[in-house]
Amino acid sequence: MQGRNASLTLVALLLIVLASPMMTNDVEAANGRSSAFITLTYTGSASTVELVGEWNWSTSLEMNRSGDLWSVDVELPEGLYCYKFVVDGVYIFDPSNPERVYCDDIENSLLRVDDHLRPHYTASLTELALEVTYHPGSTGAPHDGVPAALVGATWDATTSTWTLPLAGLEDGKHAYKIEGFDTNGHAAYDLLVPFWTGPHADFVWEDALVYMIMTDRFVNGNTSNDGPSTGAAQGADWQGGDFAGVTQMIESGYFTDLGVNALWLTPFNTAATSTGKAADGVHDVSAFHGYWPTEARGVEPRLGTESELHAMIEAAHDNGIRVMMDFVVNHVHEDHEYVQNNSSWFNSGCICGQANCDWTEHRLDCQFTAYMPDVNWKNRHASEQMIADALWWMETFDLDGARIDAVKHVENLAVSNLVAQINERFETVGTDVYLKGETAMGWSGHSLEDNQAQYGAINAYMGPNGLDGQADFVLYHAVVDNVFVSGNENYQHLDYWTNRSQDQYTQGALMVPYVGSHDVPRLTSRADTGTGDAYNQWVEDGLPGQPGDVSAYHAALQAYGWLLTTPGAPLLYYGDEYG
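For what it's worth, my numbering labels the leading residue of the sequence shown as 1, then goes sequentially.
Hints may be right or wrong, so weigh each one.
[Unchecked claim] Simulated DEER-style distance windows between Cβ atoms:
#: 1; residue 1: Glu251; residue 2: Ala460; range: 36 to 44 Å
#: 2; residue 1: Ser224; residue 2: Tyr254; range: 17 to 25 Å
#: 3; residue 1: Gly442; residue 2: Asp284; range: 38 to 46 Å
#: 4; residue 1: Gly508; residue 2: Gly298; range: 35 to 43 Å
#: 5; residue 1: Thr133; residue 2: Ser348; range: 44 to 52 Å
Hints are computed from structural coordinates only; laboratory data are not their basis. In this text, a Cβ means the ideal position worked out from N, Cα and C, and glycines have one as well.
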């Protein structure tokens with residue numbers, strides 16, 4: 001979201017350090033490319049400060065001091081580099097650079113060096129105009145003509161700035177992509193400028209009501225994409241929901257009538273065509289949920305085409321609704337293209353939850369199942385490609401945010417680097433991109449002290465260089481069953497833990513309170529005491545039915561009354577509005 005970027009201490013003399021749209025080269029691959037001087041700075045009181053880096057670990061560079069400001073120039077070709085500062089003999093990360101990278105299994109700060117010959121752009125936005133400024137590459141060559149997106153703009157040669165009037169622009173979301181060349185033929189680093197106009201431009205994520213959709217289980221709007229059965233257990237196969245169905249519901253005004261102004265949908269990626277064993281080891285389950293991706297940038301055909309996905313998001317934007325995609329960053333399916341071609345990108349750990357493979361102790365290297373290889377974010381090629389893929393989805397389909405799956409099971413750099421790249425690419429003129437995480441924790445009893453580890457684990461991934469917010473797992477486990485389902489706790493308990501969500505999380509975090517999700521049985525089923533076990537997942541076991549007592553609906557009414565008046569961006573799980 002806006003305002004989260006830390007200023008990097010990377011001051012370019014002959015180039016600007018920008019986010020790379022695809023995987024860049026390491027030191028070896030950079031040999032033979034033209035170099036440029038980069039100035040790195042450190043601010044702080046110290047006796048000595050040195051720079052060490054991947055370009056030559058054996059030789060440190062002494063940094064020059066001016067008061068508490070330390071600086072040094074280093075000549076480097078295009079590429080990615082590990083580096084650290086050595087402050088009074090202690091190796092530290094660059095405190096104002098959030099990006100990280102591993103060298104020889106040691107975490108370092110990440111320096112991105114792009115081609116100094118290539119120009120770049122910056123932009124600013126007012127209610128009346130878009131201003132784009134041209135910054136030449138190291139040759140100083142002027143821009144060749146006018147970027148296609150800026151046709152009709154006026155040019156100010158003294159400031160190298162185009163001004164494009166926005167009067168008459170239709171209300172809604174717009175995304176200008178500024179591209180061009182200098183007169184020497186060097187392609188500029190393109191600039192994406194997403195922004196909103198009209199009444200929906202005033203939206204802030206603090207006012208969001210998020211509706212989560214399991215796309216395959218929502219509405220079947222196009223039966224022609226319904227594939228054959230996978231042979232999964234009854235109820236665990238694909239059901240036919242698709243993008244066309246979501247579009248129909250958007251255009252019908254359904255979400256607007258509910259007060260929903262943000263949608264979170266399960267992953268769009270092409271998913272496994274095979275089945276896998278459920279946690280019980282008995283039932284076969286299909287990939288209808290989307291969390292078994294097999295292609296990095298393919299749209300799942302059972303959900304629809306790229307055109308239908310574009311149409312769904314455009315319909316949402318036309319109605320002032322923001323759209324978030326679910327990014328799977330911890331794992332892929334064993335049939336994924338990256339597994340076939342890049343086996344070194346994956347960990348070979350134990351299976352989470354089995355003997356000697358605790359979910360917490362092995363959170364970074366265990367596999368959820370044997371058919372879900374665990375991504376090794378320490379591998380820079382894997383990490384760069386995973387981030388590049390996320391940027392591709394965000395840009396290609398004009399997304400407004402993302403939910404990051406299984407955050408606690410990936411290295412911290414998966415979050416910090418992804419956040420930095422998304423902010424730089426999509427928040428160019430202040431349009432907030434909301435990034436929400438899933439750090440699945442619990443509630444450890446009535447004592448606040450006993451829950452510090454729970455809050456701490458969730459907080460670890462949020463902050464100025466982290467996620468904007470996360471699902472509020474502590475609050476969910478503290479109150480939903482205890483207060484609304486069982487009634488074992490009263491509203492004083494509810495009030496206490498609701499307030500703890502206001503003072504225990506990272507300052508500025510926008511948390512997502514919820515009472516239902518795709519990971520738990522429905523609230524109304526849990527509150528019903530008569531018609532079936534709410535935890536039965538399989539048809540032959542007897543799924544919970546319509547409550548036989550009105551008390552279950554009363555419980556749901558109270559729960560949602562509380563949820564919708566709780567600070568944050570509350571989540572409504574699809575179908576829960578029916579009770």
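Okay, the hints, checked on the actual structure:
| no. | hint | result |
| --- | --- | --- |
| 1 | Glu251 to Ala460: 36 to 44 Å | holds, 41 Å |
| 2 | Ser224 to Tyr254: 17 to 25 Å | holds, 23 Å |
| 3 | Gly442 to Asp284: 38 to 46 Å | violated, 29 Å |
| 4 | Gly508 to Gly298: 35 to 43 Å | holds, 36 Å |
| 5 | Thr133 to Ser348: 44 to 52 Å | holds, 49 Å |
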